[in-house]
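Note that the protein sequences, when read in sequence, are chains U and A. Under our numbering, the first sequence has 122 at position 122, and the numbering climbs by one with no breaks. Under our numbering, the second sequence has 440 at position 440, and the numbering climbs by one with no breaks.
There could be a bad hint or two in this list.
Intra- or inter-copy, both count: the list cannot distinguish identical chains.
Claimed, not checked - Keeping only pairs whose Cα atoms sit at most 25 Å apart, straight-line, the calculated PhoX-like set for lysine-lysine is: (1) Lys268 / Lys177; (2) Lys417 / Lys5; (3) Lys268 / Lys227; (4) Lys70 / Lys139; (5) Lys42 / Lys323; (6) Lys468 / Lys66; (7) Lys139 / Lys323; (8) Lys176 / Lys227; (9) Lys177 / Lys138; (10) Lys468 / Lys138; (11) Lys417 / Lys323; (12) Lys323 / Lys227; (13) Lys468 / Lys5; (14) Lys42 / Lys70; (15) Lys66 / Lys42; (16) Lys446 / Lys177; (17) Lys5 / Lys42; (18) Lys268 / Lys468; (19) Lys442 / Lys417.
None of these hints come from the bench; they were simulated from the model.
There are 2 protein chains.
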Amino acid sequence: MSDEKSFHMTPDEFRRHGHAVIDWIADYQARIESFPVLSQVKPGEIRAALPVNPPAQGEPFDALLKDVEKLILPGVTHWQSPNFFAYFPCNASGPGILGDLLSSGLGVQGMLWSTSPACTELETHVMDWLVDMLGLPKKFMSSSAGGGVIQDTASSAALCALLAGRERATNYVSNKKGCDGRLVAYASTQTHSSLQKAAMISGIGADNLRLIEVDQNLATRPDVLAKQIDADRRAGLTPFFVCATIGTTSSNAMDPIAAIAEVCHQHKLWLHVDAAMSGTAMLCPEFRHLQNGIELADSYNFNPHKWMFTNFDCNCFWVADRKALIQTLSILPEYLRNQATESGAVIDYRDWHIQLGRRFRSLKLWFVIRHYGIEGLQHHIRQHVQLAQQFAEWVRNDARFELAAPAPLNLVCFRHKAGDAANQTIMDRLNRGGDLFLTHTKLNGKLTLRLSVGQTHTQARHVENAWKRIREEAREFATAG
Amino acid sequence: MSDEKSFHMTPDEFRRHGHAVIDWIADYQARIESFPVLSQVKPGEIRAALPVNPPAQGEPFDALLKDVEKLILPGVTHWQSPNFFAYFPCNASGPGILGDLLSSGLGVQGMLWSTSPACTELETHVMDWLVDMLGLPKKFMSSSAGGGVIQDTASSAALCALLAGRERATNYVSNKKGCDGRLVAYASTQTHSSLQKAAMISGIGADNLRLIEVDQNLATRPDVLAKQIDADRRAGLTPFFVCATIGTTSSNAMDPIAAIAEVCHQHKLWLHVDAAMSGTAMLCPEFRHLQNGIELADSYNFNPHKWMFTNFDCNCFWVADRKALIQTLSILPEYLRNQATESGAVIDYRDWHIQLGRRFRSLKLWFVIRHYGIEGLQHHIRQHVQLAQQFAEWVRNDARFELAAPAPLNLVCFRHKAGDAANQTIMDRLNRGGDLFLTHTKLNGKLTLRLSVGQTHTQARHVENAWKRIREEAREFATAG
């Protein structure tokens, strides 16, 4: 039965088809500005073009690639277009894509050190590098009592932080006995919705996540936080966890980390700091004042898959006390036991997150850091911030528009003064037009447009064109304003 | 500031470096049998060769690829080697890798339908295809009240199932109010450890996950389950969830789904069925008797990233009642609101799992299904099962060895009769020798070797050689047995 019939792609076929896919992506990058940024298809249109039944026999690879072009591409919203200004960036880059491709090719599982030592050790190494690169406290380094791990998303990292805080507060009992409904966590009205989701998942309950009032800059008010904690304590509840944000999703608001940390310290609460997008800015020393107080945090995370040219998924999560995290998430069935683990000399990252299996994600991060160097990363981050600041300046100088929030980095929240309906119309027309894609939020009850600069290839001409197109679509509202 | 200085890889550079990476992977595939399957490095060895500090300036791409070869490869355990018989397979394939590469190249986020309609619609389509391909009940199709979603791992899927069950049992109140420590879930002593982790994470508590006794085949005993549920009810607790397994991790034991479902139905418990590896076998009608009763399950999952040639991560999770899942996990902040979502005409997969962000994972699954066709997938699954059955036959016919559990599919649990120490020695020598990699478990208190057949390129000669090497390393124990 040796050398039996095979349907597999041979290495030589892989080489040929692989080159074709690489070429397709290179061509896609070169022509990306020719597509409408936001897909213009209607619900059900993509599915309607797909065959109802799965194929009984295999098909040639060329047919697959043709169908990507013909059937899939019209349904793609082009997150990698330099005219993508919506949500947050989820930027990618050549070295990121190729590092991830190598990870697919090696196809290893990094759940235990022993299941692929390089997968664990490169991850630890790169996470230590990033502590230096971002000006984070030494207590997050693997040589201290803390350490870092790559997670999939900030949502998962927030959940892990909440769980570690929950367990520390209950002396690692709620893991075993279940929650008792008396634990209380704190975030702000502007904190990312994943905190609410984490409170739901963890058995804390969404009602036990207090959403603290913010100031005029949309930043958490530490005084209100302190009062709420006192009130909850008096009511016999158990405050245990606070999430502060460096750069909120909605408006890029900056919470005062040091002041919040002081409250947490007083009350012995776990402080998690979420810097999902804006953490990348800390590559540049001139922005690090925005993370003042970070040395007092128990955990911290940012997403290289947002603004640091590393394709999704790649979240970096650090804790100051790795024992608290491991004790929260560790399980060790017999079939995973091995000498390296028993020796205690290695990290087994399966104990650091929700999942068991894990991909070799540090490869792409390593590739990105080495391709750009600190210099290259800093250059492009500064460029993005400069472009956003230029845009904010244009808004400030146009009497029909106003800024809706401070713009400390690369996100500009602005609106036409003619009101919600006008802003909705402007946005819908821009997005239907296809030249660019931007999204909205609500700030102080008013519909607000968001221009988020961070796609890898966004340059001055793209932001200039965005401003031109915005003014064009706003023309009819000019006098009404 | 147009066309400013750039550190980015151009499309042409991407093409050139991309071809080099593809060639590296093709070469890696061609020479993979020349490496020791289990990495032979010592803890710290890989890190010690990496520069202490991150690079200030960027480096040429060729240097990166050279370092993968020189610094990383020695620390890789070769999961894609046809001589990998450890744990479970985590197999990959050409079409899987290239589909994933396209996903990296497109770099879209599929959190909402509108953020890339093709990402959502292809996923729904392929998940519906798989319902047919695996002989699953129609209630899991998107045209019914249920539906499927791609998750990262079976751990996350199990957690989502547990949460949906928790919420249904509490009338969607524990999401808001938190858990009360009275909810009880059920699995068996052989259920995957992720269920324990899910009980910890969800605030249920590990002590409230009852591990039901198994029969001589290591399958859950429905009578013991029913008795335990009765006892818990009498104690004033709230049974709400059962996890049954088609092919346990440790020994590939098959739980009697129909009998367990009957107990669940009587007591109105959520039944989740985990078929992480063995679900792939259901591509072949002759194995579907192993999932008898699946039409009574509330949720079900298997991992194409284990045995179905689709590289990690790719878990397929279905529910019979999608409203229960969505009501459990849904949150909708203003900045994610959009017309398509409000219309109710589309699926927004962010409400179907823990994370918010999501990759275009259906591309690789679509590529795999179309490349192989049902015929090709069936061929290779049957081949793996046949190889494992052949190995089991060799064990049965060798007086020094014995089978430690039934081998219904592609996993053979066996041991040398000379006892635990001998089996440990045999395994350690085999794994140090590098010709193959296998792992162990404990069954009925005895150390047991596991030969898991499922790597994409494993053929008869690899299994033959494994058996030859096992007997060689066992030679000294031959007379002692």
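Structure-based check of each hint:
In this assembly of identical chains, the alpha carbons of lysine 268 and lysine 177 lie at most 25 Å apart whether taken from the same copy (22 Å) or from different copies (23 Å). Taking identical chains as interchangeable, the C-alpha atoms of lysine 417 and lysine 5 are never at most 25 Å apart, the minima being 69 Å within one chain and 36 Å between chains. When the C-alpha separation of lysine 268 and lysine 227 is checked against a cutoff of 25 Å, the pair qualifies only within one copy, where the shortest distance is 15 Å, while the shortest distance between copies is 44 Å. For the identical chains of this complex, lysine 70 and lysine 139 are neighbours neither inside a copy (51 Å) nor across copies (31 Å), given an alpha-carbon limit of 25 Å.
For a Cα distance limit of 25 Å, the shortest separation of lysine 42 from lysine 323 across copies, 23 Å, qualifies, whereas the shortest one inside one copy, 50 Å, does not. Taking CA atoms no more than 25 Å apart as the test, lysine 468 paired with lysine 66 passes in neither setting, with 36 Å inside one copy and 46 Å between copies. Only within a single protomer do lysine 139 and lysine 323 lie at most 25 Å apart by alpha-carbon distance; the minimum there is 13 Å, versus 44 Å between protomers. Only between protomers do lysine 176 and lysine 227 lie at most 25 Å apart by alpha-carbon distance; the minimum there is 23 Å, versus 31 Å within a single protomer.
Proximity of lysine 177 to lysine 138 under the C-alpha cut-off of 25 Å is found in neither arrangement, the shortest distances being 35 Å within a copy and 38 Å between copies. Taking CA atoms no more than 25 Å apart as the test, lysine 468 paired with lysine 138 passes in neither setting, with 46 Å inside one copy and 52 Å between copies. Proximity of lysine 417 and lysine 323 under a CA criterion of 25 Å is satisfied in neither setting, with 52 Å inside one chain copy and 40 Å between copies. In this homomeric assembly, lysine 323 and lysine 227 never come within 25 Å of each other (Cα to Cα): the closest approach is 31 Å inside a single copy and 38 Å across copies.
Taking the closest pair of Cα atoms, lysine 468 and lysine 5 come within 25 Å of each other only across two copies (24 Å); inside a single copy the shortest separation is 61 Å, beyond that limit. Only within a single protomer do lysine 42 and lysine 70 lie at most 25 Å apart by alpha-carbon distance; the minimum there is 16 Å, versus 50 Å between protomers. For the identical chains of this complex, lysine 66 and lysine 42 are intra-copy neighbours only, at 22 Å inside a copy versus 47 Å across copies, given an alpha-carbon limit of 25 Å. In the homo-oligomer, the alpha carbons of lysine 446 and lysine 177 never lie at most 25 Å apart, since the shortest distance is 45 Å inside one protomer and 31 Å across protomers.
Proximity of lysine 5 and lysine 42 under a CA criterion of 25 Å is satisfied in neither setting, with 43 Å inside one chain copy and 39 Å between copies. Taking identical chains as interchangeable, the C-alpha atoms of lysine 268 and lysine 468 are never at most 25 Å apart, the minima being 51 Å within one chain and 60 Å between chains. In this assembly of identical chains, lysine 442 and lysine 417 lie within 25 Å of each other by CA distance solely inside one copy; the values are 14 Å within and 70 Å between copies.
Hints 2, 4, 6, 9, 10, 11, 12, 16, 17 and 18, counting from the list given before, are not met by this structure.
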